[in-house]
Each structure stands twice: as structure tokens, then as C-alpha cells.
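Undergrad: Listed below are the residues making up each chain.
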Amino acid sequence: METADARLIDAQGLDAVIAVLGELGYDTRGPVVRDGAVMPGTVTGVVDLPVGYHDEQAPGHYQLEYRGDNTVFAWAVGPGSWKAELFPPTQELWRATRDGGDLTFSEPDADYRPLALIGARPCELAALDVLDRVLRDGGTPDPHYRARRDGAFIVVAECGVPAATCFCTSMGTGPGADVGFDLALTELDDGAGHRFVVRVGSERGAEVLAGVSSLPASPANLEGRRQVLAAAADATTRQLSVDGLGALLARNLDHPRWDEAAQRCLACGNCTLVCPTCFCSDVRDTTTLTGEIRRQRSWASCFDLDHSYLHGGPVRATTSSRYRQWLTHKLSTWWDQFGTSGCVGCGRCIAWCPVGIDLTEEAAAIRSTDGAVRPGAAPGRVSS
Amino acid sequence: MTKELAQLVAGHPLLAGLPGDAVATVAGCARNMAFSPGALLLAEGDPADTLYLVRRGRVAIEVHSPGRGQIVIETVGPGAVVGWSWLVPPYRWHFDARAIDPVGAIAVDGACLRQKAEADPALGYALMKRVAAILLERLQMTRVRVLDLYGDDGAR
Amino acid sequence: MPADQGVAVPTGLRRGKDRGTRALTPVPYRVVSRRRETDDVTTLSLAPVAGVAMAFRPGQFNMLTAFGVGEAAISISSAPSSSGPLEHTVRDVGTVTHSLCAARVGDLVGVRGPFGTDWGLAEVDDQVDTLHTLGGTTHAHLRGDVVVVAGGIGLAPLRGAVYELLARRSHDGGGVVVCVGARDPSQIVFRDDLEEWTRAGAEVSVTVDVSAPGWTGHVGLVTSVLGDAHFDPSRTTALVCGPEIMMRFTARALTDRGMDPGRIRVSLERNMQCGVAWCGHCQLGPFLLCRDGPVLPYAGIVAHLLTEPER
Chain A
1 METADARLID AQGLDAVIAV LGELGYDTRG PVVRDGAVMP GTVTGVVDLP
51 VGYHDEQAPG HYQLEYRGDN TVFAWAVGPG SWKAELFPPT QELWRATRDG
101 GDLTFSEPDA DYRPLALIGA RPCELAALDV LDRVLRDGGT PDPHYRARRD
151 GAFIVVAECG VPAATCFCTS MGTGPGADVG FDLALTELDD GAGHRFVVRV
201 GSERGAEVLA GVSSLPASPA NLEGRRQVLA AAADATTRQL SVDGLGALLA
251 RNLDHPRWDE AAQRCLACGN CTLVCPTCFC SDVRDTTTLT GEIRRQRSWA
301 SCFDLDHSYL HGGPVRATTS SRYRQWLTHK LSTWWDQFGT SGCVGCGRCI
351 AWCPVGIDLT EEAAAIRSTD GAVRPGAAPG RVSS
Chain B
1 MTKELAQLVA GHPLLAGLPG DAVATVAGCA RNMAFSPGAL LLAEGDPADT
51 LYLVRRGRVA IEVHSPGRGQ IVIETVGPGA VVGWSWLVPP YRWHFDARAI
101 DPVGAIAVDG ACLRQKAEAD PALGYALMKR VAAILLERLQ MTRVRVLDLY
151 GDDGAR
Chain C
1 MPADQGVAVP TGLRRGKDRG TRALTPVPYR VVSRRRETDD VTTLSLAPVA
51 GVAMAFRPGQ FNMLTAFGVG EAAISISSAP SSSGPLEHTV RDVGTVTHSL
101 CAARVGDLVG VRGPFGTDWG LAEVDDQVDT LHTLGGTTHA HLRGDVVVVA
151 GGIGLAPLRG AVYELLARRS HDGGGVVVCV GARDPSQIVF RDDLEEWTRA
201 GAEVSVTVDV SAPGWTGHVG LVTSVLGDAH FDPSRTTALV CGPEIMMRFT
251 ARALTDRGMD PGRIRVSLER NMQCGVAWCG HCQLGPFLLC RDGPVLPYAG
301 IVAHLLTEPE R
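Chains A, B and C, in that order, are what the protein sequence lines are.
Residue numbers are given in my numbering: position 90 of the first sequence equals residue 90, and the series is strictly consecutive.
Residue numbers are given in my numbering: position 80 of the second sequence equals residue 80, and the series is strictly consecutive.
Residue numbers are given in my numbering: position 99 of the third sequence equals residue 99, and the series is strictly consecutive.
Looking at chain A on its own, in the form it has when it is part of the complex:
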């Protein structure tokens, strides 16, 4: 979006944006501090946002720190991605009641109150684009996802303070955002004060911003934004080399690194729960005491033993095979299946892994020993 039309608002202006969205009927959701982490929650104003909070992240580590300054978006990402807003952990699909020998079906309506996602990160926008390809733009759209997604008003907060786990610059998903939003915020907190550069990404974004007192962004403001993003990119030190990555992993299915990662991996599934693109789900039927049948969909993880259940037992019985499935899906076969990477570089799986397994490190290890083979995988060859 052209920065020529960018505007400038302050914290009161952001308050007003949230208020206008609320008046327009949006369910205003944004980052809130809950349980010691930045999580999605209901926001009615800047006061609900993580003002003065900063996060420190590392493999297996996430720590929120309150410094009491006036910054709103000076943290990276929390464990709760926006996936849950559009693709809830559980979703009733239908229910049926018995009526003599017949069944009467009813399905929950997909007429949801439109969501306003305030403070989504550029990597999260990329994640929504990935989910769109699976749940909305494939052959069969999921009505619940589509309704929530298409109705959602998105306010992006560009990244100024990446965490040590972030690698969006490798994935081309941040720290700035160019498309896919209604409004984009860049927080400036320099000698001239605390303001937000606002860029408009849609007509409805323009309409909302028109209802808020703002100034044209000056060249200095735009330069300030540029410097924020440049500094954020510089501070993003973690890297994933994506050059030929899909093919690299596809030809290294017998690499000893899978077993080495599995030595540490608890198969807990945390990485899949915090991942903003993991979409696997289970479908389960239940019957109530009154005989009503309900079918519910719930999030699933490829680390669950039953995920690959095929009459008699799981296909992927070892942790090694399940870790390999997860990582090769994210970085390799996702391309085959959906024409995009399944990873957006948010780093959540690194921070929230209880044992600190880092997919960038795993991929780099395989790249540095491309072609190594675990003992027993191929005759006459040994791992190096």
C-alpha cells in the first residue's frame, strides 16, 4: 500500500479506531496480557493492549516483562495465534435427533459477528494466507472458516521488536506488511513522541480511519517507519535457509538427524498447537443421553499416535517419524499440497517447545550433512 496516503495517529487515535470498529459491530479482538503471556482477547481500547510489556524468547523460553513504558506493540508474538479466532479449537459441525426411524439434522449457522483482529503481526497475516489455501480456497471451503475470515477486519501491527526466536525475514513474511490488511500500524516512539503511522489497505479501512482524528504522515514519520522496520530486520538474527529447502528435506528422509531430534522430542504437540498454520483436525461423534448425535471437529496434532491410525495401528509409530512428518510437511510437502510454505517464521514452535527443539537448527543440521543416512536405513552406508 502506498505510503503517500499514510496518516499519523497517537494512542488516543488508536483508541478511537477500536471504538469505531466496535460501533460498526465488530467483535474487537486483540493482544491482551493473560496468564503471563500475550494472548488474543477482547479489547475495547488501548488500555486492554499490552502497554509497557516486552517479551523475551529463546528455545524453550518465553518471558513477559513489564517495563511500564508507553509502547503498545513492543513485543513479538505470544503463544496464541489468530488461527484460533478463525478456526476455533472445537467446532460443532452438525447434530441430529432421532425421530422414529428417521433423523433430523441441524447445522450451526455460519453467520458470525464479524471479527476485528487488532494488532496482528505481518507473519500472522502470512499465516492466514496459508490457512486460506487449506480451508477456504481449496476445492471445498469450510463455511465456518470462510465466514469468519471474509468478515474479519484486520489491523496489522508491524514489528519493531522481534524476538530471538523470530525468523520472518528468512520467510519473507515480515517485519513489515504490504498487503492483506485493512489498516497497518507502525509504532513510532522516538524523540518526537509516541505515535502510529497508519496505512490504509482497503476501502473499509479508509472508512474506519476517516472516523478518527489523524494527521497526514510526514516524510519524517515515513522515514521513522522505515528505520523501525530496518532495525527490526537487523535484529532478526535467526535464519532459515529456504534455498532448495523442500527438496533438501525430501531427499533426506533417512537422515540421522530425525532420530536425534526424536531423542529430545516429547511428542507433546505444543509446536502444532502454537503454530499459526497447523490445521489438522479430528472429527468425533458423540451421543447425548437423550439420543441426540453430535459431530464435532477439534484441533489435532500429527504428534498424536492416533493421527495416522489405520485399521490396526498407527502408520507413524515412532516419535522420529512423527517429527519428520511435521517438519517435512511444514517446509517441504506443504509446497506440493498447497503451493506455499507451511512455515511463516513466527518462531512460536521454538519458544514453546518444552525441550527447545529449533526447526531452523534442525534444517540447518540436515543441510550441513546433506545425504547422511541413519544406521540401518540403507545397506553399506553409514551416517557421517
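Rather than coming from a laboratory, the hints here were simulated on the basis of the structure.
Keep in mind that a hint or two might mislead.
Selected chain B positions facing chain C (Cβ under 10 Å, derived; list incomplete) [unchecked claim]:
#	residue
1	Ile61
2	Val72
3	Gly79
4	Ile100
5	Val144
6	Tyr150
7	Gly151
Just so it is clear, CB atoms sit at the ideal spot from N, CA and C, and this is done for glycine as well.
Got chain A sorted already, so can you dock chains B and C onto it with the hints?
TA: Just chains B and C now, kept in the frame of chain A:
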């Protein structure tokens, strides 16, 4: 040895493509035989002295068990080879082989063939390669059957 | 209460506002007959409670719901051209399939589908026509041979294909060879159909791994009867379904006979829960088998995937 017998020998897959003199050598040990349905080609425990090249009809490889009667382990058809135990000591059959249909087969005298193979190692090696290929295929198929592929655990 | 909820409507008429979006809601069908194939395999004939039965192509599958128990992916075993009911052949291997096998005539079964790729029978004919046209021969009406190799209940998704092939080829030429392997004589499914196919001109061979008293047929692996089958590998298409090991050995036996791996089609199976590429369970390497399969050519990556442990 008749010319017809040599042609029959040459036409069997085991020997197809071998040089004419090699075929003639094998045919020199061979005779043409016919078996009625139910007739035994070879019987467990008997001295193993014959290689059968099946030309028509099916042959069952069997073993008998008290209370279960004749258990068919494998059936083979035209183009198959029946009887291997003449190859190696102690030259004794381990199973029965019985004609299911009217069976036409070329019976090759095992001792005669061994003698000629010893005398002409090139011929012997050429024959052994072909014999080994068939044995290998039969062994591989037997191994797969041991898996109980279509049973409860194997059905994936 | 939203308008879409809780309103009683006639069974089977309720559909989503925009068709195709309620992909996870089954359509009620009634069991009109059932046939016991073996001690643990049952064929259910289903008719929709309302409206007409679905259109499908041989090789596709449906998600069948045993109401109150759950859902399972089951191959369609009838032929699309058949005027009879929609048939599914179910092996009792788990909770849902146990309930389906126990369904009585008159019971309701939920049906979603059809899903996935099919055996591509139209393409079989096109390929052969193209080859003959390019070759400039005069055999314009001569179809290639089709070899159908099935192991155990793997014959279920092939049954409709065989009927289609026999119907089309009765006047086109081209052989239909059917090789069936079963554990033992009691496990042979579709016995009446096998006889009917023979009468209709197919070369049908049935073999068992383990014989039984009274069995006078072949005893041996399915590849052994395949070795005796009559077909021209240079102009043959093979359709293979059974346990993965059986498909691997069959595909190798066919390529050893000179067949192009691209013309060997296999039907693959993984856990399927949605049928519409949402749930992620049926992944096999680059494939989502409910969308990209179950029928895939045994060429390149598929041949590799079938030998890769734990995929």
C-alpha cells in the same frame, strides 16, 4: 531323442533362448510324460531323480497331515518347473507333487543332467542361473505369503 | 436461536444454504439389503432416503457414518452404470466398521462423497486410442488390455471398474484380466461376480495363500497367477488394490514383465476423517490422499513412498 522332444524342451521357459546344442544336451536326458488328474509326479521321501518341466495342466505341491489330509502348499501351471531336490544331496523329495488336471510334462533325468553339467561347466552355470532365478521367485513369493498379507495385521 | 438450527425438516432434505459448504454433514441413506461376503466382510446396499443416489466413478470412496458411533472411509463397490443401489463393502476392523457391518435392513447410514480420484477408465481408452493413432495402425477399435489385480478386500473398489470395463469392451476388443488373491478360500469376496465376469469374457484367476479342504483352485501369491495371465505389457493398463506389500510386489512383477510404471495404478489408503483435504490425516508425503488419491500412478514418487518406512 526325437526332434519333437527337442522342440518341446526348447519351448519351455526354463530353457528358452539357450543355444541349440545346450537344448539338445538337456533333451538327451529327457522324456515326455503325461499324468492323469490325481496322479503323483513325485512323492515325499522317495529318491529325487527328476526335473519336471510342466507343459500343460496344473500341479499341486502338497504335504499330508493326519486328520487334515493332503494340504496344498502351492499350485503351479504350464511353464513351471517342479522338482528341485535332485540338485543336491541327499536327493530326496520333501513334498508330494500331484497332477490337478491332465498334466503334460517333460521329465528330465536328474542324475543325467547333473553329470552333463559337471562335464560342461558353462552349460551347468547357464542352467543354474535359470534354476536359481525360478527358485528365487518362488522363495520371494513364499516369504510374502508367510506375512499373512490379508490377515488382521497384514491388511495395510 | 438462529434460523438454521433446530427446525425439523424432512430427513435428507436438509442441505446447507450454499451447496457444497456443508461438506461434513452426511446424507441419510437406508440399508436396502446386506450380503455377508466373508466372516468379517459385509456388503451394504444403500438407497437415499430422499432424492436420487449420487453419481460417482469407480475407485472413489465415501465417508460412511454409523450414527452415534462415527465415520469411516469406505470404497464404493458397485458400478456407476448399475441401476441397482449404491454398494459399499465393509471389513469389520474397528468400532465404526463393526457398527456398519452390523447394520440391518432399514437402518440409516450417513453418506458423504464421493471423494478422491478414480481408476481413470476413460483415460485408459484414450491412451490406447492415442497410441494406435500415433502408430498409424488400423486397429482403431482395438483397446489395450486391462489387468486388474486385487488382494483381499482390495477387490471392493475394483468391482465397479471391472463391470464398467466389461460393458465397454464387449464390443471394443481388448482383454480384461482379473487376478484375485485371498488369504484362504473362505476369504474370497464377490464369488458370484467372479463367475459372472468369466462368463462375460474376462480372464479371471483366483488364488489363495492358504488352501483348505475342497479348494481346487490356485494356491500361491497373487503374482504367481499374474505371471500366467495373458496380456500384452506394451499396451496394458493395470489397476491394483490391496495391502501395500501386495501392491509393491504386484507393481514390480508388472514392470518386470515390461509394463510402464505410469500405467500401473494403485489405490492407497491412510486415515481419512474429512474427505475434503481439511483434516490432514491422510497425508502421504506430498499427497493428501483424499484429494490427490486414493488412485495414483505407480511412477516416481509413489513407488518411492511405498518403500519408505513409516510414511
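Undergrad: Take the hints in turn and mark each one as holding or not.
TA: Hints versus structure:
no.	hint	result
1	Ile61	holds, 8 Å
2	Val72	holds, 4 Å
3	Gly79	holds, 7 Å
4	Ile100	holds, 7 Å
5	Val144	holds, 5 Å
6	Tyr150	holds, 4 Å
7	Gly151	holds, 6 Å
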